[in-house]
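> In this note's numbering, the protein residues as written are 973 to 1150.
Worth flagging that the hints you see were computed from the coordinates, not collected in a lab.
Fair warning: this is a prediction, and the values are worked out from it, not measured in the lab.
Hints are not guaranteed to be accurate.
[To be verified] Derived Cβ-Cβ restraints for the label pairs, each shown as a range:
1) E1047 <-> A1102: 38 to 46 Å
2) P1022 <-> D1096: 21 to 29 Å
3) V1094 <-> R1120: 13 to 21 Å
4) G1074 <-> V1013: 43 to 51 Å
5) V1044 <-> P1022: 19 to 27 Å
6) D1125 <-> P1043: 23 to 31 Å
7) N1135 <-> R1050: 16 to 24 Å
8) D1041 <-> G1149: 32 to 40 Å
9) P1022 <-> A1101: 25 to 33 Å
10) D1106 <-> V1013: 35 to 43 Å
11) V1013 <-> A1114: 17 to 25 Å
Cβ coordinates follow ideal geometry from the N, Cα and C atoms, glycine included.
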Amino acid sequence: MQLRFTITAAILSLGTAFGLMTHASAGSALTTNTTSTANVVIGPSGLPVPRFVALKKDEVLARFGPSFDYPVAYEFRREGLPLKVIAEDRDNIWRRVEDRDGRRMWIHRSMLSANEHVVVHVDDAVLRAAPDADAQGRAKLAKGVMARVESCDASWCRVRADNFRGWLPKEQLWGAGV
973 MQLRFTITAA ILSLGTAFGL MTHASAGSAL TTNTTSTANV VIGPSGLPVP RFVALKKDEV
1033 LARFGPSFDY PVAYEFRREG LPLKVIAEDR DNIWRRVEDR DGRRMWIHRS MLSANEHVVV
1093 HVDDAVLRAA PDADAQGRAK LAKGVMARVE SCDASWCRVR ADNFRGWLPK EQLWGAGV
């Protein structure tokens, strides 16, 4: 059984009252479908929400609302940067995303791709030779370093950053599963 929840115009009005949105696009209400048996949230795209995606280009404009009519909220300049999809519009065109700093904005789906990267979100993360806290350290990665994911298990991800390969705990990474 699927339940459909739609955020109403009251939310749009609230955003306008705070100066966050200046245009309400007809037919762009948020929609989320849930499957009650597995407790999995599925968006209009048929993909899980939340999930991680990546920026497809070096320059991507994020907006205050799900339309090109909304003003630009932020400009990203880093291809591959992971973002968390937290909602999709009903028409399956826009994704509401959250960055690692907690900023929320809307990006057109054509600017997003499957996520292959993570960002270190702790100071001096130790890249290990094996997925074990006692394994030999290979390098220290500073907070904000972006690495390519090679594989992940339940607790660790094997990543590549520059010429270094190794394992990092998932809790030290932004973009490694939800």
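> For every hint, state whether the structure bears it out.
Hints, one by one, checked against the model:
no. : hint                        : in the structure
1   : E1047 <-> A1102: 38 to 46 Å : 39 Å, holds
2   : P1022 <-> D1096: 21 to 29 Å : 28 Å, holds
3   : V1094 <-> R1120: 13 to 21 Å : 18 Å, holds
4   : G1074 <-> V1013: 43 to 51 Å : 20 Å, violated
5   : V1044 <-> P1022: 19 to 27 Å : 23 Å, holds
6   : D1125 <-> P1043: 23 to 31 Å : 42 Å, violated
7   : N1135 <-> R1050: 16 to 24 Å : 20 Å, holds
8   : D1041 <-> G1149: 32 to 40 Å : 34 Å, holds
9   : P1022 <-> A1101: 25 to 33 Å : 32 Å, holds
10  : D1106 <-> V1013: 35 to 43 Å : 37 Å, holds
11  : V1013 <-> A1114: 17 to 25 Å : 34 Å, violated
In the structure shown, a violation is registered for the earlier hints numbered 4, 6 and 11, in ascending order.
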